[in-house]
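Q: Chains as they are written, first to last, in our numbering: chain A, 170 to 769; chain B, 5 to 254.
No wet-lab data here; the hints were simulated from the structure.
A hint or two may mislead.
[Unchecked claim] Keeping only pairs whose Cα atoms sit at most 25 Å apart, straight-line, the calculated DSS-like set for lysine-lysine is:
{"id": "1", "chain 1": "A", "residue 1": "Lys501", "chain 2": "B", "residue 2": "Lys197"}
{"id": "2", "chain 1": "A", "residue 1": "Lys386", "chain 2": "A", "residue 2": "Lys454"}
{"id": "3", "chain 1": "A", "residue 1": "Lys220", "chain 2": "B", "residue 2": "Lys231"}
{"id": "4", "chain 1": "A", "residue 1": "Lys192", "chain 2": "B", "residue 2": "Lys197"}
{"id": "5", "chain 1": "A", "residue 1": "Lys220", "chain 2": "B", "residue 2": "Lys20"}
{"id": "6", "chain 1": "A", "residue 1": "Lys638", "chain 2": "A", "residue 2": "Lys649"}
[Stated by the list, open to error] Which bits of chain A does chain B cover? Going by a derived footprint, with three or more residues having C-beta under 8 Å, they are:
{"id": "7", "stretch": "212–218"}
{"id": "8", "stretch": "231–242"}
{"id": "9", "stretch": "347–361"}
The beta-carbon is built from N, C-alpha and C at its ideal position, and this holds for glycine as well.
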Amino acid sequence: MSVPLLNDRDVEFLLYEFLDTEKLLERPRYSEHSREIFDASLRTAKTIAEKYFANHLVEGDENEPTLENGIVKMIPETKVAWDAFANAGFLAAHQDYEEGGMQMPEVIFRMVMAYVNAANIGTAAYPFVATGSANLIRAFGSVEQKAKFLTLIMDGRSNGTMCLTEPGQGSALGDITTMAAPADDGTYRVFGQKMFISCADHDIAGNVIHMVLAKIKGAPPGVKGISLFIVPKFLVNDDGSPGERNDVVVAGLNHKMGYRNTTNAALNFGEKDGAIGYLVGEANKGLGYMFQMMNEARIGVALGAAAIAYQGFNHSLDYARQRPQGRLASCKDQLSPQVMLVEHADVRRLLLAQKAYSEGSLAMCLFGSSLFENQNSAPTQELRTRNTQLLDLLTPVIKSWPSKYGCISNDMAIQILGGAGYTREYPVEQLYRDQRLNPIHEGAEAIHGLDLLGRKLSLYGGAGYQFFKEDVAQDIAKAKDFEPIKNLAGKLENAMDVLEKTTQSLQQQMGVDIDRGLANATVYLDMFGRIVGAWIWLKQGIIAAEALSSSLHESDEHFYRGKLQAANYYIEWELPAIEQYAELLQAGNSVPFEMQDEWF
Amino acid sequence: MKILVAVKRVADYNVKVRAKSDNTGPDLANVKMAINPFCEIAVEEAVRLKEKGIATEIIVVSIGAQAAQEQVRTALALGADRGILITTDTDLESLAVAKCLKAVCDNESPDIVLLGKQAIDGDNNHTGQMLGALTGWAQATFASELTIDGDSATVIREVDAGLQTIQIKLPAIVTADLRLNEPRYASLPNIMKAKKKTIDSTTPADLGVDVAPRTTLLKAEPPAERKAGIKVEDVAQLVDKLKNEAKVIS
Ligand SMILES: Cc1cc2nc3c(=O)[nH]c(=O)nc-3n(C[C@H](O)[C@H](O)[C@H](O)COP(=O)(O)OP(=O)(O)OC[C@H]3O[C@@H](n4cnc5c(N)ncnc54)[C@H](O)[C@@H]3O)c2cc1C
Ligand SMILES: Cc1cc2nc3c(=O)[nH]c(=O)nc-3n(C[C@H](O)[C@H](O)[C@H](O)COP(=O)(O)OP(=O)(O)OC[C@H]3O[C@@H](n4cnc5c(N)ncnc54)[C@H](O)[C@@H]3O)c2cc1C
Numbered sequence: 170m171s172v173p174l175l176n177d178r179d180v181e182f183l184l185y186e187f188l189d190t191e192k193l194l195e196r197p198r199y200s201e202h203s204r205e206i207f208d209a210s211l212r213t214a215k216t217i218a219e220k221y222f223a224n225h226l227v228e229g230d231e232n233e234p235t236l237e238n239g240i241v242k243m244i245p246e247t248k249v250a251w252d253a254f255a256n257a258g259f260l261a262a263h264q265d266y267e268e269g270g271m272q273m274p275e276v277i278f279r280m281v282m283a284y285v286n287a288a289n290i291g292t293a294a295y296p297f298v299a300t301g302s303a304n305l306i307r308a309f310g311s312v313e314q315k316a317k318f319l320t321l322i323m324d325g326r327s328n329g330t331m332c333l334t335e336p337g338q339g340s341a342l343g344d345i346t347t348m349a350a351p352a353d354d355g356t357y358r359v360f361g362q363k364m365f366i367s368c369a370d371h372d373i374a375g376n377v378i379h380m381v382l383a384k385i386k387g388a389p390p391g392v393k394g395i396s397l398f399i400v401p402k403f404l405v406n407d408d409g410s411p412g413e414r415n416d417v418v419v420a421g422l423n424h425k426m427g428y429r430n431t432t433n434a435a436l437n438f439g440e441k442d443g444a445i446g447y448l449v450g451e452a453n454k455g456l457g458y459m460f461q462m463m464n465e466a467r468i469g470v471a472l473g474a475a476a477i478a479y480q481g482f483n484h485s486l487d488y489a490r491q492r493p494q495g496r497l498a499s500c501k502d503q504l505s506p507q508v509m510l511v512e513h514a515d516v517r518r519l520l521l522a523q524k525a526y527s528e529g530s531l532a533m534c535l536f537g538s539s540l541f542e543n544q545n546s547a548p549t550q551e552l553r554t555r556n557t558q559l560l561d562l563l564t565p566v567i568k569s570w571p572s573k574y575g576c577i578s579n580d581m582a583i584q585i586l587g588g589a590g591y592t593r594e595y596p597v598e599q600l601y602r603d604q605r606l607n608p609i610h611e612g613a614e615a616i617h618g619l620d621l622l623g624r625k626l627s628l629y630g631g632a633g634y635q636f637f638k639e640d641v642a643q644d645i646a647k648a649k650d651f652e653p654i655k656n657l658a659g660k661l662e663n664a665m666d667v668l669e670k671t672t673q674s675l676q677q678q679m680g681v682d683i684d685r686g687l688a689n690a691t692v693y694l695d696m697f698g699r700i701v702g703a704w705i706w707l708k709q710g711i712i713a714a715e716a717l718s719s720s721l722h723e724s725d726e727h728f729y730r731g732k733l734q735a736a737n738y739y740i741e742w743e744l745p746a747i748e749q750y751a752e753l754l755q756a757g758n759s760v761p762f763e764m765q766d767e768w769f
Numbered sequence: 005m006k007i008l009v010a011v012k013r014v015a016d017y018n019v020k021v022r023a024k025s026d027n028t029g030p031d032l033a034n035v036k037m038a039i040n041p042f043c044e045i046a047v048e049e050a051v052r053l054k055e056k057g058i059a060t061e062i063i064v065v066s067i068g069a070q071a072a073q074e075q076v077r078t079a080l081a082l083g084a085d086r087g088i089l090i091t092t093d094t095d096l097e098s099l100a101v102a103k104c105l106k107a108v109c110d111n112e113s114p115d116i117v118l119l120g121k122q123a124i125d126g127d128n129n130h131t132g133q134m135l136g137a138l139t140g141w142a143q144a145t146f147a148s149e150l151t152i153d154g155d156s157a158t159v160i161r162e163v164d165a166g167l168q169t170i171q172i173k174l175p176a177i178v179t180a181d182l183r184l185n186e187p188r189y190a191s192l193p194n195i196m197k198a199k200k201k202t203i204d205s206t207t208p209a210d211l212g213v214d215v216a217p218r219t220t221l222l223k224a225e226p227p228a229e230r231k232a233g234i235k236v237e238d239v240a241q242l243v244d245k246l247k248n249e250a251k252v253i254s
């Protein structure tokens, strides 16, 4: 394979220098593990990604799943990939030993996902959604439900889905209409339609376990009346084999821009007597359960965005190094050989921006995963709480920044390939189409803006925001010790002041008029995202500056110089855009808000 | 039946290896290392023999730097039972490797020794043959199919003219070619289990083997860059150039 999925040196850097993953080995949960085991697991992940996922990237795109007599058909390579991933033990990797898992740390598992995401996001969606549904059952299911359904997903005999969205309700889940009626035997009968359900049906695993949000008859209105149900496609026999067909069918497939190898369907529940559903946890707590899993799922989506951006960057870099085109302005000899694209300053600018977005996104997602890890396994309750509160604050940003700048990054990759980039003979146009989903699903960008400004900043009495400011300040202080990044630290420090003033101003505006105050939450989210992006780059810059202070092997020297340059680029070229936003937001500028429907 | 498999630590096949700037050898600092792909095929074959109930024990051996333990561990995760690591900082030639393997054969008395046909770093294609000579056992190189039948084996070999089928008596040396099998990947449970399997460490000196090089590397340099081609006007010009410039036809 000429173009790598990620960059192995960067993977090593992120896991063992940027994050101190080896330190996890001191925690009792990971005492059986070692760095050797982490690395061997990642080697297997990479092999599977290269051999069984990357091999059908284009085929899956050109042959979307079809619906034939109510059965979804897809290209056979998808099942081979699913089986390889399952047989390697990855579906169960991060679960407990007692549950048949391997207790793999979250960050290592996410890196496994990064490899398969980079190879083929359309196929990687199956294990992604499966582990998401498994996590839900594991966290909130009863002992019997775990015994019955969790093992099926963990060993690959069933996939899972997340059924939230309906034709009428996407962003506003409080208004869903899917109903559940209690039956005499303690189960429920589910009636309703779900929309846009990923992996809703397929022929890669024997069963599909749908995790469905529905309202029990008589439940309170809005989000407080939503419950969570397990609704299997086939009822499950005691030995785990698929039994009778449940009353849930594919009503139709959606024909998508990207992620085409992922089945996406409208599902009808209860066309006959009602689909048999099993209530998870307590009634009316369903959305809460979903949301407790959201941080993880949202980092997962962002990680997909990071991986697709990374692939685009790798492809355009490879192309730019091999395509001779034109000469530099300073060259007067028209008979001299043409230079490679990478020698043009503008192409390097595009590559450097992609490097900042894609490596920055991967780093940001792994950082988020490390907070998630600490939320569960940090040695003290105080630390676990701190990490939870910080992660809750940052999740909207970690979901949105890689998704937004992933799209911009993949757009730049096409630009570098010129005409070739616009054709289907090169992969960058598909990567762009695949990427475009990420700012939409798992909460559209605007919804995350509202979540951040309207809810997360003041959650826990503002503790998460406070921890964020403390942690950034600590890194700024550290960075000031290193000559090459001293000035970057100063810029981030100023940006933090701007953020604080803007935040205070918006909170005040929200107090006066909540609709006006929240009107530009998406812009605030972008501002916050640029600051978190700059922080992530400053953190990498600190490590690079420290490494460069001693003599290095040539390849390491290049690696760290690259990190430093990207940190410089992001903080000097992209961070300052917040100044303009801050001015508009602090002034309460209301031009978009006051625009009226009739005036369009 | 006991099988000994030899694995070598080499630069990963994806890596473009460069010569050191002082031309003293390839620059392997910071390079990603892996099991030689042909050795991986040899390990896979041994594991398949065990799964078929033919082999009872698979011992994997590597000779080289301490870091080669990683490749032994990988082979254990693929299904080998225990490992032997023979450590030395000397740059090893094929003969030294074959001698070390001979010493291990003396200690372990395997029925089959499986090796890769060659390693992708030196591309020598020597070690299996030399081990055959040192042990006096039968050898079947370039194997693309291996069938065990009691105390003999039938091996299909890839040779220039096509495929050659031979029968050999055990104990024997078999070297794996590319099409012998498609190696598996190590599953997570097996990676975890491999951690608990034993790896015995020893040195060439302990085995009574002198590994001092018999040859000296004078210089390592990259191949000359290929010059851009040209388009010829017609066949006559092509023939002329082949005759008078390239001097490849007369
Ligand atoms: C390929 C794909 C896969 C998907 N997979 C799944 C899945 O597996 N399970 C599942 O349940 N769902 C899935 N979805 C659905 C996805 O989560 C929704 O599309 C998403 O939540 C947006 O909902 P919507 O499409 O109804 O858009 P709408 O809610 O109609 O939103 C449309 C636009 O309006 C904006 N908007 C809406 N409300 C507000 C507001 N209050 N303030 C400001 N702006 C607002 C949004 O930001 C968005 O830009 C998938 C969607 C796609 C396209
Ligand atoms: C759908 C389509 C229709 C087309 N129709 C026609 C047509 O009808 N007739 C026709 O003649 N052509 C046509 N083209 C070709 C089109 O004009 C070229 O693709 C375009 O000029 C770019 O050239 P290129 O693809 O060779 O890219 P390249 O020249 O290789 O450029 C690739 C990238 O490198 C950058 N770059 C190149 N040189 C420099 C430099 N000196 N400094 C900085 N950056 C540089 C470019 O900005 C670009 O980002 C078409 C292309 C497409 C995709």
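Q: Determine for every hint whether it applies to the structure shown.
A: Hint-by-hint comparison with the structure:
1. Restraint check: the Cα-Cα separation between Lys501 (chain A) and Lys197 (chain B) comes to about 65 Å, which exceeds 25 Å; the hinted pair is violated.
2. For the given pair, Lys386 (chain A) sits about 14 Å from Lys454 (chain A) by alpha-carbon distance, which is consistent with the 25 Å threshold.
3. Of the supplied pair hints, the one linking Lys220 (chain A) and Lys231 (chain B) is violated, its CA atoms being roughly 34 Å apart against a limit of 25 Å.
4. Between Lys192 (chain A) and Lys197 (chain B), the direct Cα distance comes to roughly 22 Å. Compliance with the 25 Å bound is thereby established for this hinted pair.
5. Under the criterion of a C-alpha separation no larger than 25 Å, the hint pairing Lys220 (chain A) with Lys20 (chain B) is consistent with the structure, at around 20 Å.
6. Distance hint between Lys638 (chain A) and Lys649 (chain A) is fulfilled; the C-alpha atoms sit about 17 Å from each other, no more than 25 Å.
7. Judged by the Cβ-Cβ criterion of 8 Å, the stretch 212–218 of chain A is covered by chain B as claimed, because 4 of its residues qualify and three suffice.
8. Counting residues of the stretch 231–242 of chain A whose C-beta sits closer than 8 Å to any C-beta of chain B gives 0, which falls short of three, so the coverage hint is violated.
9. Look at the stretch 347–361 of chain A against chain B: 0 of its residues bring a Cβ nearer than 8 Å to a Cβ of that chain, fewer than three, so the hint is violated.
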